[in-house]
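*Asks:* Following the hints, position chain Z against chain S.
Chains as they are written, first to last, in our numbering: chain S, 2 to 433; chain Z, 2 to 433.
Source of the hints: derived by calculation from the structure; they are not laboratory data.
For clarity, every value in this text was computed on a predicted model and none was experimentally measured.
It is possible that part of the hints are untrue.
Each pair may be met inside one copy or between any two copies, as identical chains are not told apart.
[Stated by the list, open to error] Under the rule of at most 27 Å between Cα atoms (straight-line distance), these lysine-lysine pairs were calculated in the BS3-like manner:
id, residue 1, residue 2
1, Lys168, Lys13
2, Lys339, Lys150
3, Lys221, Lys14
4, Lys266, Lys300
There are 2 protein chains.
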Amino acid sequence: MVATIIASEVIKKKRDGGRLSPVEITEFIKAYTEGTLPDYQMSALLMAIFLRGMDEPETLALTSAMLHSGTVLDFKEIPVAKVDKHSTGGVGDKTSLILGPIVASCGLAVPMISGRGLGHTGGTLDKLESIPGFNVNLSLSEFKSAVKKHHIAFIGQTKEICPADKKIYALRDVTGTVESLPLICASIMSKKLAEGIDALVLDVKFGTGAFMKNKSDAEKLALGLCSIARGYGKKVSALLTNMDQPLGNASGNSLEIEECLEILKGGASAPDTRELSLQLAAKMLVLGGAASDATSAYKKCSEALSSGRAYEKFEELCQIHGGHLKELPRPKFHLEIKAKENGYIQSFDTEKIGMVGVRIKAGRAVTTDVIEPTAGIITHSKIGGKVQRGDVLYSLHGANLDLLKMSEAELAATIKLSDTPVTAPDLIWKEI
Amino acid sequence: MVATIIASEVIKKKRDGGRLSPVEITEFIKAYTEGTLPDYQMSALLMAIFLRGMDEPETLALTSAMLHSGTVLDFKEIPVAKVDKHSTGGVGDKTSLILGPIVASCGLAVPMISGRGLGHTGGTLDKLESIPGFNVNLSLSEFKSAVKKHHIAFIGQTKEICPADKKIYALRDVTGTVESLPLICASIMSKKLAEGIDALVLDVKFGTGAFMKNKSDAEKLALGLCSIARGYGKKVSALLTNMDQPLGNASGNSLEIEECLEILKGGASAPDTRELSLQLAAKMLVLGGAASDATSAYKKCSEALSSGRAYEKFEELCQIHGGHLKELPRPKFHLEIKAKENGYIQSFDTEKIGMVGVRIKAGRAVTTDVIEPTAGIITHSKIGGKVQRGDVLYSLHGANLDLLKMSEAELAATIKLSDTPVTAPDLIWKEI
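Just chain S, same shape as in the assembly (with noise of 0.2 Å):
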């Protein structure tokens, strides 16, 4: 009954535009989260909090909430500085499978919560089970104990990390409340901080592969992200990069796996991803203190890569979980789709690209699918490309060919080309 009381004059509050307390936010998402507190309530409020917005208190205070309805992970016992990256997701994008064993084996600790794919864009934990054998399923003691041996595990979000955002990211999901910068914000950094890391490097994307279409959105994610890393004593960069292609080449699971070996093996096919890997994997350095200087980071990844060292903390890792490194699935059919003139590649419809991935079953449309493994897409031209008619634009890969013959068209109509010739995207626009 208390509750309830509590619960309407915060809605209206929020509703007219005041700022909310933190302990209203607090009781709030307390109740909300033992259940007390009836969805309509916390629907309500996620619609006043939408239009209304939060400011950088309240948004703290949202995310310290949401963090403190769970377990917050503390690795003290571990001497070295632990550090994470967050990407805000896109299409090809498997750095943290290359970052992480570099950063690794430059002696941080590197403990990933990581997520699964859902809609256009990828998970971690997919990729990482593409992999026969490999367990992500650690118990967070497990896990704790792979981190403090081996400076990294890999980990999906367990039912007591973060729980309030579980249920609140369910509700907001059928209730128009998931654009929100201070929701988006909040939900994303209570997982993170519940890592119980030092520093944090965030890729925030944007372009028609991500989440956020333009710079200016994806500027303001990134400085709603820093801000609260800031106010939670974590240092924290941002890189502000572009999704308006897929990262490198692959996009699937298995394929995806491949390419980043062939960069730990210091492989050079798929070049933006490499170097995007790197940029991050030397901002880790910098603000874990295992650097002193951009350079010097980038240098010092650089040659974990081409010494072989960053091979063996991913072989190593594999180990950890259980995966067969040597057993990942190949694909058993490919399909072909070629440029039927000359010309330069102008645009991607990225996001689409990752829907025919769904399609093909690399991905998921909804939590409950079950993905394909060796299903994917290899891009083999980039924007600013020179084809000519007969080139390999695209190849579907997978299990099914049924599948990839029923998405060839649809992939086909992704891609633009121009009789002019067209300038490459910057891979990174800006640093924070």
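*Replies:* Positioned in the frame of chain S, the structure of chain Z alone reads:
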């Protein structure tokens, strides 16, 4: 599943300031009333409507959807015009009990679906039920027969009428979405339109005892309500009336019945109650075609009082509902609150007077409270009135002396005196 997808799209559209189509509104309300659309989606939409508003066609569609969620009465077989009055609520507002018999005795039909008291405002049904034996719980068919035969009958909102409104109102109450003009208009008008009336007179109140504290908000509400009525092809007019003090002398159920009986018998000890009842009744006669102009309508209504025809109609009404007027209970106790100094009455905190009424059980704090029919307050002098030390300002009446004593100080604090003469406010500010 389909309903859910539509629901979140409808929510997003309103959230982004879009105009909802009649189909979107109708389907949303239908699914909610049927229980296939959950509370949390309805409350998100209500908050979006609260903050983004609704234009006239949307408000009409919402009214229509709520109206058609239940039974719409049909009085076509009654050859005369069916007219009603709706008041937005106040303290001591008893005009329905006077104008109903007046208008019915002038040949028009008055099918009144009335409400109960809640918070500081009273309810017509509670007033009638203070008459021993008076049964307001007629079935819809009994109600129709009574209106057909006697041209007047009273009934409460049954579960057959506007079930959507009932469900939505309960949700608005706990989600901070009550004070929204389109939601208020649709709620009021769907219930009135369900009465199957041809014409409606609105008594929209402003002041310290009204929901709308200022004239401008009251006028907006009046315009909104009139526009819906006209959209349905109903004749409508509205009076904007002053509620800066209780209407008449009595507030409290049996006390108000006594005041009405005195007026119906031709008395004039509560001139404001008498005048407002006559003005509203005259409007009803004009809209219903029983008088050609305002002057002749007013004359007809006055004659209905002076001739005793209105009183006879009230006695007939009591017979229909089984009420025994002669057994009207009298309060056992009364306490007087006297002026402690000379002066002129400057203002009343009328809402507070209503809340003292709730405390002495003349009204309800929550819908389940039980009313004590004889409890009430007599206001002995009005704004502008000259009082001398020792004059009685209020008297508190009821069956429970302790309750009356407990409320004495609170009631005394609701009146403010001035040293210099004060002008009495106009009873009727404006006509629409």
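*Asks:* Please go over all the hints and tell whether each is borne out by the structure.
*Replies:* Status of each hint after checking the structure:
1. Lys168 <-> Lys13: both (22 Å within a copy, 20 Å between copies)
2. Lys339 <-> Lys150: neither (48 Å within a copy, 84 Å between copies)
3. Lys221 <-> Lys14: Both: 25 Å inside a chain and 23 Å across chains, each within 27 Å.
4. Lys266 <-> Lys300: within (16 Å within a copy, 102 Å between copies)
When the structure is compared with the earlier hints, a violation turns up for hint 2 alone.
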